[in-house]
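Student: Below, each chain spelled out in residue letters.
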Amino acid sequence: MEDTLKALISEAEEGIPAVRTRPEFEAFKARYVGPHGSLTRAMRGIKQVPREDKPRIGKLLNRTKKRLEEVFEVCLGAIEDGEQAAKWGEAIDPSLPSPDPPPGNLHPLTQVREEINRILKSVGFAVADGPEVDTEYFCFDALNTPEDHPARDEQDTFYLPAQAKFANVNKFSEERYLLRTHTSTVQIRTMLRQRPPVRIISPGRCYRRDTTDATHSASFTQVEGLYVDKGVTVRDLKAVLDFLFKSLFGSDTRSRFRPHFFPYTEPSYEMDASSAHLKKVGKEWVELGGCGMVDPNVFAAVGYDPEVYSGYAFGFGIERCAMILYGIDDIRYFYQNDYRFLRQFGHPVSC
Amino acid sequence: MLISLNWLGNYIDLSDKTGEEIAHALNMLGFEVEAVGETGLPQLEKVVVGQVLSRDRHPNADRLGVCRVTVDETDAPLQNLCGASNYRVGDRVPVALVGSTLPGGHKIDATELRGVKSFGMMCSPLEMGLGEDHEGLLILDGEPEIGTPINRVFPDSDTVFDLEVTPNRPDCLSHLGIGRELAAYFGKELVYPELKTDPGHLPSTGPSALIEGVTVLSPENCPNYIAYSIRGVKIAPSPDWLQGYLRAVDQRPINNVVDITNFVLLELGQPLHAFDANKIGGREIIVRQAQEGETIVTLDNKERILNSDMLVIADAEKPLVVAGVMGSVEAEVDENTVDIVLESAYFNPPNIRKTSRRLGLSSDSSYRFERGVDPNGADFAALRAIDLIMEMAGGERVGPVIQTGAEPAVEREIAISPQYIRNLAGFDFPDGRIREVLRALECAVRERDDHWKVEPPSWRGDLYRPADLAEEFLRLYGSDRIPDAPVAMSGMDHRDAPVASLARQHSRYLANRHFQECINYSLRSEDEISRWFGHLDLDPLRLENPIASDQTHLRVSLIPGLLDALKFNRARDTGLERVFEVGNIFHERERRVYELFSVAFLVFIPDRTTSWKKREAFDFYSAKSIMEVLAKAAGLDIESIGYRTVDGGGSLWLQGHSASVGTLTDDGFEAQIGRLRFKVVKEWDLEGDVLGGSLEILPAKLGEDEGLVTYRPFSQFPPAAKDLALVVDESLLAETVRCQLGKMARQVAGKRFDLEAVSVFDVYKGEGIPKGKKSLAFNLRFRANDRTLTDKEVGEVFSALQDRVEASTPYRIRN
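One line per chain: the protein sequences are S and E, in this order. Just so you know, we're using my numbering here: the first sequence kicks off at 1 and counts up by one. Just so you know, we're using my numbering here: the second sequence kicks off at 1 and counts up by one.
If we strip away everything but chain E, and leave its shape as in the complex, we get (with noise of 0.2 Å):
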């Protein structure tokens, strides 16, 4: 909201401050000031009226002349140097002494151009900050005194706030409201503006107003409606000063009545509505429901088409406005009105806002009434305008006042004691203070001893409760004069949320492998997610009302956002080739949506490479190794699990080369690693290779208490070691075969001793073995807990085991 500092002179003397120093008391008290302007003639120091006593050519340029310029009556003439041509000896103009800044920061020295001295500057009203107009010299009317500073020749300048009431402020939204918040702060009187009527002497009776009556039918949304007639205006322009205020904060001067209305709702907050009379059919004022679909053609020349929700202010026929939002073009004052039907009323603010938004449509007026208006302020908004009316547009007022319905009671008391407030503050004042600042916000304070009773203004409908006072205290007090202290905590033995330990352990781990953290917005198109995870339910992920054509579902992987990272640094040559990102992604099973926690890995391995030295290319495997460290991070136990080969169906990975384990629902988690198909790395641009590996996790699964280890006791013993190779199919995981293996080794050892690991040393295919089947060569480790094996003793299990595999496995031993 704009602020004038001359119109704000009108409550409070503030000519002891400087704009500095009101700027930081608007900050400091919490309005921010987003803005200074200032208007008219800046503040010049060294700046006076001169007169020119003579113009001559410059000997050596044309275009310059020289003139001697008096600016003191008792001193000798200055000479001046001069470009403009408007001028003529006798004028009266404004010059600039040496020593001197005009606004831009340009100083003035004493200067010597082709040989000619110069001591100062006339000035052109540009130079001056006073319009555009840079050709000649401004000359002064009315031949002011020479020597008077510049600014007194122009007093109306002005310093503009632009500032941000917060919505809890509505009573701020006016030049008393701030008026009243500044001589709180630095303690000075604030002065109301004098009614000429005096409301307690109001006739009732005398000639009749100018409508017969007002009838509320919402009383909901409209508890006080109060109407003055005026009879006999004249509409006219403002008096300058008035148009001066309202340009002064962006308002355009309409004519005298309009603008009246509009200077007390910025004077005071309350937004008024003058009527023309004998515009309003059946003499007669009807505050009602809109009918649905009922229109009015607003002020701004639109037609709006208005629903049962909104409240209107009709005469008998039809709506002339829309309730505290926007008069009609229909019911407007202009040249030729001479009688005012003066609204002041209370509406329900949610109701306002409510139509405010429903239209599209915010005003001064929608903006006050739906954060909440003064409920006792009505009488006196309108008693003011009609003072201002009769003033500059002469009439009188005629008929009582009509009210129907009544203030809102805001009767408010709130017990509190003093000593509430310095416990929630951590620091002490007196109590004096306290009621010293209470006071000068016009609150009432009646104490006995540490029990007080607040009540505070009708206007301050948000403090109610006694935190609310201790915040007008230390706003008041000074939130910059909280004094400084150590933090001091007592010990809390908590630790960090499961999934925010280990992303910090998986983000730090993946980029220790050498790649890079990536974020993506975690919005999607539909159009990728259906391509990709077309598997899925789309709709249980579908925002109900996204901004962006391309961002309309929740992500559901974070794959397609690591490609788009690869994508845009591949177009730009950057060198990146491994990322990663952690973060959340949606699943959606049986409808219903997971927000699981995910991380995400992908090498691009592009078709030419540029390294000066080859290197063997990251694989499957290699995959598979760091999405076992992510996964034991997270405690989750793969190996039991086991991993599957992706058989077709999904369409990120490829069949044959990639992987999968988990299950959300029995396992709590998923995760993939392998290749992306081809169709994949081509629709993102990319010509080469790319691999990588995606968890996710249902939160609840991470953080399971696991308990204290107990340690195992281990042999001391050397172990002794057996290599079986087998032939198998080739479609078998060599998994199944190892564990297999292994379950039969244990049986084949019994308790005599331990088969430690079981592990595959060979894979293979081609000559000698039969097509079709695959040769799978394990190392088999044994040891015992009480001494070194003998050959013997092994031997033994290892040929029992041979034995063992030829008669109940479909497998074959080869030699």
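Looking at chain S on its own, in the form it has when it is part of the complex (with noise of 0.2 Å):
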């Protein structure tokens, strides 16, 4: 018996091989485990075993359906993947390009934009938003701007017609409307909102009145932070830039202030920047932007007490901070949507 049961199963196993299609499959588990099937004469031969035989002879018939079982599954499996290998026709070259569209990216000055407020915020900021389209007292009066200043002039400034009516941004009294020659309107109207201690940085498109050409352009795009609270001071602000600098552009950079002059900050600097990374630029120090303590003129203009605040604030443009990551010449192809241009700068999930 012990022999006949293993040479059906290795019967069965040699079998697999030649096992193509259904009906084949059938007639090979009926050479088994039909009515006929050799498993099933043998199954019923147990009546003929001694008695004391049984409970071994039972467990290896047992064994031998499972093993057979395994035999057919085999057998099935290869049916069906043949079938179904069929259905969907040739194999594949793994080697050919997917039909569907290529990865999408975000914009490089998004990615810059955002990298630049993932950092602030991982320090406290939080992204304040506001109009492009402003008036002269946010854009300038309340920065200590005073009328006859030349950046106000029509020359350098994008004005509305002295009618034009916006419903979804208000004036202060009777003044023009204008395209934003920078983000600080944001920060004048954040702090007309609310009380100190305010910390907030403001991404956004700018314009200035400048013919475009490789390092100009009329319409750009600035990041501005503002932090007002007691006892804010001028360590703060290098060192909230110098980390800003290390994380931007590795953490060999060096920052350096230069004094300089702004209306709305007292205290004001330009902001270098040197690394190794920048040196590729060609320069040892390159500028990124201006910065300084809120000029206490613009706390007046909001109604904070400059003797119990003070403030850093401190702007740079995107576009700029691009150009020097990357290495790119011509502040132009940031406005010409250019694939070849834009696909270079592919992380689109990881910013």
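Because the hints were derived from the structure by calculation, they are not lab data. C-beta atoms are modelled at their ideal positions from N, C-alpha and C, and glycine is treated no differently. Hints may be right or wrong, so weigh each one.
As the list claims (entries may be wrong) - Ranges between beta-carbon positions, derived for each pair: (1) E:H24 to S:D100: 51 to 59 Å; (2) S:D148 to E:N512: 33 to 41 Å; (3) E:R433 to S:W285: 24 to 32 Å; (4) S:E90 to E:V760: 31 to 39 Å; (5) E:Y711 to S:R20: 52 to 60 Å; (6) E:T645 to S:S95: 41 to 49 Å; (7) E:R592 to S:D100: 41 to 49 Å; (8) E:S759 to S:D100: 23 to 31 Å; (9) S:E90 to E:Y711: 47 to 55 Å; (10) E:A734 to S:K280: 42 to 50 Å; (11) E:D803 to S:P103: 27 to 35 Å; (12) E:T645 to S:R20: 32 to 40 Å; (13) S:G303 to E:S759: 24 to 32 Å.
Claimed, not checked - Mimicking BS3-like on lysine-lysine, the simulated pairs with C-alpha atoms at most 25 Å apart in a straight line are: (14) E:K701 to S:K171; (15) E:K613 to S:K87; (16) S:K29 to S:K47; (17) E:K701 to E:K751; (18) S:K47 to S:K59; (19) E:K682 to E:K722; (20) E:K701 to S:K165; (21) E:K774 to E:K624; (22) E:K46 to E:K107; (23) S:K87 to E:K614; (24) E:K17 to S:K283; (25) E:K632 to E:K701; (26) E:K743 to E:K774; (27) E:K722 to E:K679; (28) E:K453 to E:K354.
These two chains come separately, so use the hints to put the complex back together.
Tutor: Pasting the structure below:
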């Protein structure tokens, strides 16, 4: 009996490759477990087995049955695979490209903006927003920029007609609407809305009446930061910008403040950075933007007491930052949307 | 502004500083050095005077001479090869010795040419950096001593710094002003030019002045006017040193008197004007507003039409000078001038700025007046000029000084405590250092314990608050010495503005859906907007002062910019087919403009594709699915408002294949999705189809606090499903029928169990369906909270529903 069963299994195993279709499979199966199948016959033979051998032979029969079922499973699997593959046609060529569109990307200006946001958010800033069309008051007067300041000239700033009415941009009084020249307008609107502490960044589009060339654009993007609280110092300002530049340009980055003049900060500085990466641009120190301590007159305009609060503000161009980061030599590429340019900056998810 | 190092040497000794150190100091003082120029002979090491002792022809090169040259009389002469021909034995020439470097980085080594050795090089002017001539050697006149370093033979080299002087520092638009800053920075002494005329002892009588008087009719625009008379000058070219200074800073020497006024302007920052006294009609100066339309021919030979806002210096008959801006050809000092009236004044800065702008005429003089000259500096400058005139042009001062008005008051006292400066800075330094800095800047400091009173000098109109003094201190203390510190901030629970986080979500989603982000200018042309958005009133979107004819209006949609991007990339065959942009746009409603947040996406399906495998094309429903996600991220309830088909009239979207939802006024947003019209696609030279969508939202609509979500329990039992097909008018929206059917099913089911969902699973037209009708097949899913539904109870409800549909709607049930 034992030998019969062993032979039965090895015969079934050897038979697997020959079973290619479902009818063949059925016939194959019937050969063992059909009414006249060899296993069926063996099972019937258990009656003749002496009583003391029955448990052993019973077990053996069960094992044989199990093994046969495994063999059938393998056969059926191979048949199903064959049928499925036939249904799906020719085998694939894994080297062929997907006909679906290539991955999308975020614009490099968005990537740099989001990277700056990410870094500054990690030290507690939040993004604030405001309108691109703003008014002379929020863009200049409240920022201590006098009426006859050259920046306010029609040569340099885009204005809307005196009769223009904006439903969702409020005026201070009867001043003109304009396209904001910096996102400091957002700082004013935020400070008018809330009491200190204020800690915001305001990225966004700005406009200056420049003729467009390789380094100028009438429309550009800026990010500005503002922190107002009790006891904010020049040293804090330096610390946050050091942190930002090290994060952005590499941990070997050094930064430097050069005294400068802006109507809305006192003291005012231009900030330079220097690093191995930036040196590739060809200069020891690369100018990045402006910063300083909020001018007392700005606090007066928003009703903060300069005796109680101090604050810092900083701002720089995102285009300039991206140009330095990536070594881009023409600002117009950012607005041309040439895919060969845009797809070079492909990290849509990570930033 | 250009600053000459040689000129600066008159006020501060910088001989121990290199050009680089000075440039660094200027940068760190807040005067950005934009360029450093060298004039004259650069500093050259190992280039000395040599003498040619002999000259022979090179045995193997006709054009070369072999010379013996002595550069040290105690040492043997050097052998030198030379290609020039303009020299003779005995000439003295510059010789670059082995090991020297010439301008342009040319290193001199011992060389050998066709078998003859050469040690050092005799130089041409070009090789020395002294001009263009490279044909011949530079032959030195006057037998300079052999071996003398060449810079001693050409001592007039100079370094010129091109500085950016910020508008708050008009006091530094002069050599003395910059000298003062450097003196304070380096801790050196500042030497003022010495006046030969003692201003305290001017005669008040004597020969009378050259003019009768000065009448100022606009004292608000001209608070102080001083006129001195000088008789008998001899106009001639200026001496070389003066011409040299002026040329170094790009000024053209004219004649001694004019050069002196320019020199004083660049030395002290006070513009002066010299009149030819004999050209002043009526011997009288009148400072008045110009008459409307009055004309004057300025020194640049242009006729200027004046208006009554502009101040002029006139005689009895005509305007002679646009005050503070530019003189006229009429009263110019020329070679025949013998008598001079010298003007030194203080003009109201905004008025000068306005005039200069209006005339489009800026001069060294207007540049300074409009920023504000030293209110107390007029007299000193005039006397300085008189000293120089008498020294260089002769003549004598006659008559008393004529002064109309007075120096504007400048007394300012700032109360400050040194602790305030330390608090703002955030680091420590002693009181003494603060005092030192303020005094170096010529501020008077009076101290009583921690209460200081600081009085800045008259020329520092920018200092009037404690913050201004803090800045001055930090500037001179050195902003490069601000100590490093960790970022230390208290926690704040605040989040990003809703628009910012929405923009982030939208752009990430679309980028992940294989769209490329684009950024376009937000100014567009009138033509384009009126062509595609003709229903809008363009006027409120127009800029008052556009700079380019194709950028005159605020954009009303992101779609045209995205079409530009597709067109641009199509023309360049870059393969870009899916684009999106996130940005602000502007909509006009009843002549009022709304600034809106917008996101738009387009898919270009070219007629001819190059892909090896065909895909089912992006269609209306693909766009709908994307819009669903965009709207959801913005918290907009598109479903309950419902899409409407675009019914013509719109000019971008194709009727019957596009839809819109929402209105700005009612819902705070609008969205369009679908297929762009062929006319649009053609206009942008795209051969194929373009689909997409655009969403525009009022920013105020975003970020409405939704509060916390409360969990609703849901059934743990299986659903029961039924299908029902209805024949309806083909013009009906599926959603209309679906809603109606759902409502009826809920009514029929009542409280027995829930209708969980109704969804369309088939839309059919054709055989078996009457013309003008379509069949909509719905799947209804019922479920109870507390049990498994039986066929019986569901069947009852379903048959009641069918009865209801037959009875109360025009729809027919299809079997």
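Student: Against which earlier hints does the structure fall short, listed by number upward?
Tutor: 2, 10, 11, 12, 13, 17, 19, 27 and 28
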